[in-house]
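Chemist: The residues making up each chain are set out below.
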Amino acid sequence: MSVNVLPRISSPEELESLRRDILSRRDPNRPLITVCGGTGCQTYGGSDVYQAFVQEVKKQGLEAGVGVKATGCHGFCERGVLVIIFPQDILYQRVKVEDVPEVVAETIVKGNIIDRLLYVDPATKKRHTKELDVPFYARQHRLLLEGNTRIDPTSIEDYLAIGGYAALPKALFHMKPEQIIDEVKRSGLRGRGGGGFPTGQKWQSTRKAHGDIKYVICNCDEGDPGAFMDRSLMEGNPHSALEGMIIGAFAIGSHLGYVYIRHEYPMAVENVTTAIKQAEELGLLGDNILGSGFNFRITVVRGGGAFVCGESTALMASLEGKVGEPRAKYVHTSEKGLYDRPSNLNNVETWANVPQIILKGADWFNKIGTKGSKGTKIFSLVGKVNNTGLIEVPMGMTLREIVYGIGGGIRGGKKFKAVQTGGPSGGFIPESLLDLPVDFDELTRVGSMMGSGAMIVTDENTCMVDMARYFVSFLQEESCGKCLPCREGLKRMLQILTDITKGNGRDEDIQLLERIADTLQDTSLCALGSTAANPVLTTIRYFRDEYEAHIKEKRCPAGVCKDLITYSIIDEKCPGCGLCVEPCPTKAIKFVAKRKPVILDQKLCIKCGTCYDLCKMKAIAVK
Amino acid sequence: MASKVQEIVEKYRRDKGQLVPILQDIQTEYCYLPKAALEEAAKLLDIPISRVYGVATFFKAFSLTPQGRHLVRVCLGTACQVRGAPRLLDRTAEALKLAPGETSPDMRFTLSTVNCLGCCALGPVMVVDKKYHSNPSTSELQRIVEAAK
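Chains A and B supply the protein sequences, listed in that same order. Just so you know, we're using our numbering here: the first sequence kicks off at 1 and counts up by one. Just so you know, we're using our numbering here: the second sequence kicks off at 624 and counts up by one.
All clues stand as given, with none of them false.
Partial selection, computed: residues in chain A whose CB lies under 10 Å from chain B:
1) 38
2) 75
3) 76
4) 77
5) 78
6) 266
7) 318
8) 322
9) 324
10) 380
11) 383
12) 477
13) 480
14) 585
15) 586
Stretches of chain B that chain A covers, calculated by requiring three or more beta carbons in the stretch to come under 8 Å of a beta carbon on chain A:
16) 636-642
17) 680-693
18) 706-714
19) 735-747
20) 750-763
If you're looking for bench data, these hints aren't it; they were derived computationally from the structure. Here a beta-carbon is modelled for each residue, glycine too, at the ideal position from N, C-alpha and C.
Chain A extracted, bound-state conformation (with noise of 0.2 Å):
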């Protein structure tokens, strides 16, 4: 929480008087502990954990001299509940309520390190001192994360002590809007959102387009299950996307502006609140921003959850109070979009590239990425890697890199089946791809596609059937219904697909998808259906021949279509320990004695797999 109350600020002058003023209140040398505050961490109890520490800190007599600060998302939420101790840059993981006297006294008084809380690399039993040195962080190239790890979210004077508001003048004061948007065009940097339309572009078309009232919106909506990067920045740095939005607004000569976010994100509605307020206040959004006659202000609104709100005119439906339902794109919504007047729409992690390509130049940008696609990119790196979390990377990197360099391979043990980019609109990509650089072309290439950066990893466990029948359920919930393609096509689909997975599919099943598949591609009125298909069709070009076991054989391969499996107990393997009785929720399980096999009920068991996720004989067979 930021204390003192700021002046409001008139100059650009006064702004850098007032960061020099902050930097010099400031000890780089004075220790800090920053516990993670992100949602994850948040799940293993990060705010019991800041309570405790700043508990802790006031008990030992030591407030004076130490800093204790809750932080947003540092994307290692395997780990939870992370700190790191600066200046030294120690990280600590999985610290719990109890670690916390023990951290204050040995690390901050004496400086000892406690080798417990360490990250031991497990593939080198390594131990980890330095945030920096653990190899899910040694990869990534974090631009944009960076921040979260070092700001308290709400304090506007953190955003500033790590250099933030310095481009807003830039952009204002030396630059002209068409330089601005020229800069932007430069940098190459595309649309995070997933469509990847380049950001220059659009900002040009709506800066043109006629009329005196324009919009510049922010879509934290989110929708895509499995992607939390939008999220993690707006709540751990919420500043970074508004200055890009006032340089935004700037350039193409608007005055007002939306930020849409997912209800299901109260801290993120919460954190960019306050950091609105905080820069209207402080002379950064509102009348006259910093002196330069430039007026701007930004509204928060949040959505009403629905997928379709991705696509953008459903998106500026819903800001209009309607149904958010999409509108035929023949007009774009640069000409005519809210209200029918030009409109802009970014996601926050592109708007959050904006303030550091105009600092420090398009040059600087496009020197980052490959051919196409310049800069780096957010993923959400979840499913059955090892190593979960919130990783940045340049584009370009290959997908073995991230998998197994960041992620640290697949759980287990377990076999590496397929990467799922894109969210429900992407694609599978098999093992024989892994090699493929990560960009937004490449990742077309193999028919699936960036999307917001959503990238679940599934092993041999996974039935790429029963994941394609997921998808087509999702979406065919999700369609708003107004077009026929999407409304009837993925109904009938989602039909075909839960007959195959229940061993009722037909020979000629396959063909009939990828009829349907392409008719929805061809005519479908927005992105939602005409990317719908994806899913089906890169499950059944890469991975046909588990179609065929569920459709010939009736046999599921990764034993997960509960209609093609039994369960059974192996009696060589079971020791009878019992621990898999006590948690099968329909008492199937009978215990015999010590070391003599359990007894599974058939007649009992729901299949739910309970205990064969707990065995850890592997006693438990699936067929």
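Got chain A; can you put chain B on it based on the hints?
Modeler: Relative to chain A, chain B alone:
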């Protein structure tokens, strides 16, 4: 009820464009969207009730039936799905004796599913009111259920 709805609508200066936030505020107030409140909002905003109903049924955030005191949501997002969300849902349904979408007769719990809670790294996850739980076991679920009175 009429005066409360009026207060909310006035807060948004009777702006038709703010229908979604208005309905969100009504839902926060009553934990669901009562029919009378929707009719009142339509009258005050001078829009047909059909439009209010359309918006209220389109978005996931809204419910037209009363919700239990404790909202239990199980995430069925992709990351949770591949890490066993359907099993967690089965276990939760068993523990609450409710099917997804149902509310217990004593109005204590409502069980629902959600497409993504944005903490995919810990999947499968569930939320009870505002507290997140990462893949609770059957016995942990029992404790969570008992703790919520």
